[in-house]
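All chains should be modelled from the sequences, with the hints used to inform the complete structure.
Chains as they are written, first to last, in the working numbering: chain A, 3 to 409; chain B, 3 to 409.
In short, the hints are calculated from the structure, not lab data.
One should not assume that every hint holds.
When chains are identical, the list treats them as one kind, so a pair holds in a single copy or across two.
Derived BS3-like pairs: lysine-lysine, alpha-carbon spacing no greater than 27 angstroms straight-line [as the list claims (entries may be wrong)]:
#1 K186 <-> K8
#2 K401 <-> K252
#3 K401 <-> K374
#4 K401 <-> K239
#5 K186 <-> K374
#6 K239 <-> K252
#7 K239 <-> K186
#8 K112 <-> K252
#9 K112 <-> K401
#10 K256 <-> K8
#11 K252 <-> K374
#12 K112 <-> K186
#13 K112 <-> K336
#14 K239 <-> K256
As the structure is a prediction and not an experimental result, all values here were calculated from the model.
Protein chains: 2
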Amino acid sequence: MYDLLKGLRVVEGSAFVAAPTCGLYLAQMGAEVIRFDNIGGGPDFRRWPLSEAGDSLYWEGLNKAKKSVALDLGSAEGRELAQRLATAPGEDGGLFVTNFPADGFLSYEKLRALRDDLICVRVMGWADGSQGMDYTINSALGLPLMTGPADDARPVNHVLAAWDLLTGAYCAFTLVAALMARMKGRGGREIRAPLSDIGAATMANLGFTAETLLSGQQRARMGNDVFGAFGRDFTTKDGVKLMLLAITPKQWSKALEVLGLGAEVATVEGELGVSFASDEGLRFTHRARLYPLFERAFAGRTAAELTPAFDAGGVTWGAYQTLEAALDDARLFKDNPLFQNIRHPSGLSYAAPGAMATIPQDIRGDVRPAPKLGQHTDEVLSDVLGLSSGEIARLHDAKVVAGPEGR
Amino acid sequence: MYDLLKGLRVVEGSAFVAAPTCGLYLAQMGAEVIRFDNIGGGPDFRRWPLSEAGDSLYWEGLNKAKKSVALDLGSAEGRELAQRLATAPGEDGGLFVTNFPADGFLSYEKLRALRDDLICVRVMGWADGSQGMDYTINSALGLPLMTGPADDARPVNHVLAAWDLLTGAYCAFTLVAALMARMKGRGGREIRAPLSDIGAATMANLGFTAETLLSGQQRARMGNDVFGAFGRDFTTKDGVKLMLLAITPKQWSKALEVLGLGAEVATVEGELGVSFASDEGLRFTHRARLYPLFERAFAGRTAAELTPAFDAGGVTWGAYQTLEAALDDARLFKDNPLFQNIRHPSGLSYAAPGAMATIPQDIRGDVRPAPKLGQHTDEVLSDVLGLSSGEIARLHDAKVVAGPEGR
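Printed below as a string of structure tokens:
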């Protein structure tokens with residue numbers, strides 16, 4: 003937790019990964035983020051992985067440091083409460099993050115009628131409003147056909163929901179950017195972030211589309227070969243797979259040095275009349291000549307021999323480790339100051355991270371757990387909407403709202 | 003282009019994907035982003051894909067809408083100019099994005115001595131300063147061993163640099179968040195965003211680490227099966243692979259309806275004593291029972307029969323298409339208003355996108371191309387650093403700076 007955004011109040015009506023990570027990033031930088039959900043939980047409330055008791059480890063990971071309000075979104079009164087929350091007054095409020103449909107009861111038009119300077123960031127599937135999720139957008143962009151071993155034609159989906167994650171972080175950026183404009187007197191606005199557009203723009207930003215426009219076909223599937231440079235997984239004498247990478251001249255020369263391949267590579271360079279040091283693309287073009295040299299060099303040494311030599315020599319490399327091994331890796335998890343052992347709404351205690359960035363001069367506050375569903379219903383209805391305890395009791399009785407006990 | 007951040011001046015000293023996308027997102031939301039590079043280009047200036055003439059389509063994709071200054075970063079005077087640019091005065095300046103080493107000539111300590119309220123966002127590999135790139139961080143997190151067909155044990159790297167992209171967008175967010183704090187009188191700060199921490203935190207945010215802590219092992223490799231719900235690629239009668247997804251009850255019921263599987267699935271439910279509609283996890287647990295039904299349903303219909311029925315029925319699905327097919331897809335590229343045909347520094351004209359989000363009430367300004375390397379050297383030295391034409395000429399003569407002709 004840092005407090006850069008202290009004082010901001012963001013309301014989140016969301017599910018799954020993109021919009022919830024947007025809220026998470028804002029919350030862990032100090033904003034008050036109030037998530038509302040249907041009583042009993044939204045469509046992501048039971049997403050796997052689950053604890054033995056059936057609580058979602060996914061939900062409690064994605065909603066850390068937020069407040070939770072539970073509403074009956076099937077009722078007119080519950081929907082009105084959601085609208086009022088999203089548009090509640092206050093200079094540092096009027097910030098709403100959602101993936102609810104653009105034309106539903108949380109449309110910008112409906113909300114703007116309640117608060118003229120509302121900033122609404124809306125995650126969408128396809129830009130035209132039709133359904134799309136990370137998996138189906140990804141399949142449309144060509145990537146699963148470019149991923150995986152060259153000797154296998156089956157499409158390979160990514161396991162990491164990259165489009166959701168990029169969209170979530172980009173939405174956090176656009177929300178704060180729109181707030182800056184509003185602070186300068188330029189009013190509120192809706193910002194729509196469809197996964198389809200984030201995907202299409204990114205494929206262009208990285209040069210994939212220009213490459214395909216020029217060549218007439220998409221990049222070939224090539225296993226773990228790093229496109230346009232030198233990199234791949236290699237296997238050590240004891241069967242460990244290491245990822246080696248050499249894009250810059252320095253990365254290349256250090257890899258050759260530690261592997262003792264300088265002379266052999268110079269011979270290949272002489273034969274071909276090229277210099278691999280000055281042009282990483284040539285290393286890619288001629289990788290079939292280079293790979294056997296590296297394969298032999300790796301096969302002659304154990305991982306225990308190679309990896310300290312790589313580190314000492316400044317080589318860019320990585321081990322393929324399992325996540326259970328990674329959890330014992332001091333740099334990633336075990337001694338990582340981002341992580342703190344906390345108790346979660348599932349009742350389980352385990353290490354969880356705060357803000358993903360580090361501000362050396364600021365104090366990193368405690369990691370805050372996700373709320374129990376409905377934990378802050380009464381507090382928020384009172385503080386943000388100014389409802390009396392009598393009104394709140396009536397809403398509970400009418401089953402329009404619920405607290406942490408589900409009623 | 004939108005102008006939410008109009009008036010801000012951001013200096014970028016960067017290479018590869020993460021820090022450049024941070025600058026790109028800021029520029030396409032209206033900030034003036036000035037990128038400095040070594041004369042002749044930094045380590046990413048010739049990254050593939052290349053045009054036939056050898057210009058990087060990657061570089062010109064990632065640096066759209068920025069200004070370019072070329073400096074001899076090997077000389078003391080060039081390094082001093084870089085420091086002065088990063089810390090140039092102005093209320094809306096003092097914003098620096100970089101992936102230069104934390105302890106080098108662009109360290110926060112050195113820069114802060116020149117501007118006390120500097121905001122510096124620094125992309126790093128590993129948090130301890132050691133080398134790491136997207137590929138090597140990814141291999142350390144376990145994902146390549148979870149990716150790809152279950153019948154193949156080889157690690158599968160992702161083709162999309164997901165960690166770089168997430169880091170870039172998150173950095174854009176933290177930069178504006180830090181600026182907001184500075185506007186409230188809280189001074190400047192350094193924000194460090196190591197790929198290793200972004201990766202570790204994300205694996206925790208999504209529940210991967212809690213799952214592994216509980217089970218003692220990482221998620222099994224399972225091809226394209228969607229973990230904890232129903233989803234996979236299926237093959238139509240004419241051999242087309244479609245991704246089908248059903249997480250919510252509605253997605254599930256619509257898929258059954260269009261595929262005509264209601265009765266068969268009800269039989270399985272009866273046998274097992276479960277309800278698949280209300281618990282997506284059960285669809286995953288019993289997927290071996292469900293897959294044959296879906297495989298037969300797909301195998302009995304062509305893609306041309308199925309896909310309009312899916313759309314009409316509100317099913318969540320996606321085709322596995324190649325990127326060349328995607329370029330003809332109206333929704334992604336062909337008629338996407340994000341894209342505009344512009345001339346790039348390579349001399350080529352092709353469609354490129356502006357800001358990834360859409361603001362319906364604002365006018366989407368023209369997409370702006372990347373600069374030529376050094377195109378704005380003189381303009382920036384004059385406008386930002388206040389150098390006279392005589393001083394600028396001297397710097398050219400001394401080869402400390404260069405314009406677009408490389409001198």
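Now for the hints, and whether the structure bears them out:
1. For a Cα distance limit of 27 angstroms, the shortest separation of K186 from K8 qualifies both inside one copy, at 19 angstroms, and across copies, at 10 angstroms.
2. Only between protomers do K401 and K252 lie at most 27 angstroms apart by alpha-carbon distance; the minimum there is 23 angstroms, versus 65 angstroms within a single protomer.
3. In this assembly of identical chains, the alpha carbons of K401 and K374 lie at most 27 angstroms apart only when taken from the same copy (18 angstroms versus 63 angstroms across copies).
4. In this assembly of identical chains, the alpha carbons of K401 and K239 never lie at most 27 angstroms apart, being 65 angstroms within a copy and 49 angstroms across copies at closest.
5. Taking the shortest alpha-carbon separations for K186 and K374, neither the intra-copy value of 37 angstroms nor the inter-copy value of 33 angstroms comes in at or below 27 angstroms.
6. Taking the shortest Cα distances, K239 and K252 sit within 27 angstroms of each other inside one copy (26 angstroms), while across copies they are farther apart (52 angstroms).
7. With identical chains, the CA atoms of K239 and K186 are never at most 27 angstroms apart, being 62 angstroms at best within one copy and 58 angstroms at best between copies.
8. In this assembly of identical chains, K112 and K252 lie within 27 angstroms of each other by CA distance solely across copies; the values are 25 angstroms between and 57 angstroms within a copy.
9. Proximity of K112 and K401 under a CA criterion of 27 angstroms is satisfied intra-copy only: 24 angstroms inside one chain copy versus 60 angstroms between copies.
10. With identical chains, the CA atoms of K256 and K8 are never at most 27 angstroms apart, being 46 angstroms at best within one copy and 43 angstroms at best between copies.
11. Taking CA atoms no more than 27 angstroms apart as the test, K252 paired with K374 passes between copies only; the shortest distance there is 25 angstroms, against 51 angstroms inside one copy.
12. In this assembly of identical chains, K112 and K186 lie within 27 angstroms of each other by CA distance solely inside one copy; the values are 24 angstroms within and 32 angstroms between copies.
13. For the homomeric pair K112 and K336, neither the shortest alpha-carbon distance inside one copy (48 angstroms) nor that between copies (32 angstroms) is at most 27 angstroms.
14. Taking identical chains as interchangeable, the C-alpha atoms of K239 and K256 lie at most 27 angstroms apart only when both belong to the same chain, with a minimum of 21 angstroms there against 52 angstroms between chains.
In summary, the structure is inconsistent with hints 4, 5, 7, 10 and 13 from the numbered list given earlier, while agreeing with the others.
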